[in-house]
Structures are given as C-alpha cells and as structure tokens.
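**Student:** Sequence:
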Amino acid sequence: VQGHHGSLLVAEIGAVPVLVFAGRCHLYEGYLAQEITFPLRCAYMLGVRTVILTNAAGALNPLMNAGSLMVLTDHINMQGANPLTGPHDPAWGARFPDMSQVYCPVLRAKVHAAATQHGVRLENGVYVGIAGPSLETPAETRMYRALGADAIGMSTVAEAIVAHQMGMRILGISCLTNKNMPDCMDQTTFDEILSNARRASADLGLVLTSLLPTL
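Here our numbering is used: position 21 in the sequence shown is 21, and no number is missing along the way.
Just so you know, these hints were derived from the structure itself, not from any lab. Just so we're clear, the structure is a prediction, and the values are computed from it rather than from any experiment. Careful: at least some of the hints might be erroneous.
Stated by the list, open to error - What follows is a list of derived Cβ distance ranges for each label pair: (1) Glu12 with Gly86: 16 to 24 Å; (2) Asp98 with Asn124: 31 to 39 Å; (3) Gln101 with Val18: 23 to 31 Å; (4) Gly30 with Ser7: 37 to 45 Å; (5) Thr214 with Asp191: 15 to 23 Å; (6) Ser195 with Gly86: 35 to 43 Å; (7) His118 with Phe96: 35 to 43 Å; (8) Gly119 with Cys42: 20 to 28 Å; (9) Thr209 with Ser7: 13 to 21 Å; (10) Ala202 with Trp92: 15 to 23 Å; (11) Met99 with Leu46: 18 to 26 Å; (12) Thr116 with His88: 38 to 46 Å.
A virtual CB, placed ideally from N, CA and C, is assigned to each residue, including glycine.
The task is simple: from the sequences and hints, build the whole structure.
**Tutor:** Okay, here's the thing in structure tokens:
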C-alpha cells in the first residue's frame, strides 16, 4: 500500500531500545487478522512490553480537524474479524480477555505531557476500525458517530486486541487526515489523505521523541 514501506527499524531513542514497524498489512489487502498481528507477536517474543500504535484516520467528531492528532481512549471493532478467533495458545494470554481498559491511562497522561512541552494540541477520542478499502458513506458516518466514535480508520483494532491479550501497555494515536461531515461530504482522495498525514507527522515526531525516553 502506498505510504506503507514494510520495513523494520531497530533504534535507540534516549537510551530506550525501539522497534519501528514502518508500514503494516491490512484486512482489505486480503490478509487474515492473525497475519496482520503477527509482528506484534514477534515483538512480544523479543521482549517488547509497550506498544505505540499509530494510524491515519478520518475525523467523525465535528470538533476535530484534519491535520490534528487524537489519542485513543477506546475503540469499536467493526472490521468483521477478530485476531483471537481459531485455535488458542494459552501462552499468549486469556482466551476471553477483558477489554474494559485497552489503552493505558498512564501512557495517555505521558503523551499529553510530552505534547504540552512542544505546544502540540492532542484530542482524545474513540476510534472505530472498519475493514475497507471503500470509505464510509454518509449514512455509515452518521451511524458510527451515533455509536460514539470520534475517528475512523482501517487498522489498529486487531493489533490492539492482540497486544492487550499479551498484557502489553498500549498507546494509540491517530493522525486525522480528513474530516467526515455526512451532510456536506466532499470527495476524499488518497492523495489528500497522504498530504494531511504528512502535515501531522511533524507534530507526531516531536511528541514521540519527547515521550520515548520517559517509558
């Protein structure tokens, strides 16, 4: 997929060892949820216990704007798939994991503190994950908003489920690349999404550079 390089970077930021997965696989490419989350399983086996999940998302909340960043407080799985279906290996965690607090409140507080240092505004909200690749219709946009979603995208949910099952601390951040207003929706192009993602990435880089040494 354009914008997803499919590479693994090994780095050290502020004396903190970091694995960076530059790009991901998606359900709409034909991959299974279990395949999409395989990198998370590998990271866990390498000793990773904290994961920062980033994504490009469309803003559903009318108070949020394209080009801004949203910290995930929760998610809604509308992808029609769950990575925990099928055979269960108890070594990974519970068969039926409790999902009442997936995104770590301590990490959320830390990322807000890091953003404040740089004067970067962070939104808070609920992310709804869909399978894609078609974008949502106006009726679907109204439905997701009525369900309580603030942003929508085609990733992250499966990875968060697997990471939570394994007991990892999770921080989720969405780059809001377009704004979905169901009563006056303009046609959204992939080029527009990429352009807004690049605009938000500068702020995201500043925030993460300050955040990582505190983990």
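**Student:** Is the gap between the beta carbons of Glu12 and Gly86 within 16 to 24 Å?
**Tutor:** Roughly 36 Å apart at Cβ, these two residues miss the hinted range, so it is violated.
**Student:** 23 to 31 Å was suggested as the range; check whether the CB atoms of Gln101 and Val18 agree with it.
**Tutor:** holds (24 Å)
**Student:** For the hint 37 to 45 Å, verify it against the beta carbon of Gly30 and that of Ser7.
**Tutor:** Given range 37 to 45 Å: violated, Cβ gap about 21 Å.
**Student:** Given the hint of 15 to 23 Å, check if Thr214 and Asp191 actually sit that far apart at their C-beta atoms.
**Tutor:** violated (36 Å)
**Student:** Mind checking the hinted window 38 to 46 Å against the Cβ distance between Thr116 and His88?
**Tutor:** holds (42 Å)
**Student:** Taking the Cβ atom of Ser195 and the Cβ atom of Gly86, is their distance within the range 35 to 43 Å?
**Tutor:** holds (39 Å)
**Student:** Go ahead and decide if the range 20 to 28 Å is satisfied by the Cβ distance of Gly119 to Cys42.
**Tutor:** violated (36 Å)
**Student:** Taking the beta carbons of Met99 and Leu46, is their distance inside 18 to 26 Å?
**Tutor:** holds (25 Å)
**Student:** For Asp98 and Asn124, compare the CB-CB distance with the range 31 to 39 Å and indicate the outcome.
**Tutor:** violated (22 Å)
**Student:** Just to be sure I understand the hint, the distance between the Cβ atoms of Ala202 and Trp92 should be within 15 to 23 Å; is that true here?
**Tutor:** This hint is violated: roughly 36 Å between Cβ atoms.
**Student:** Does the Cβ distance between His118 and Phe96 fall inside 35 to 43 Å?
**Tutor:** holds (40 Å)
**Student:** Taking the beta carbons of Thr209 and Ser7, is their distance inside 13 to 21 Å?
**Tutor:** Cβ of Thr209 to Cβ of Ser7: about 20 Å, so the range 13 to 21 Å holds.
In the structure shown, a violation is registered for the earlier hints numbered 1, 2, 4, 5, 8 and 10, in ascending order.
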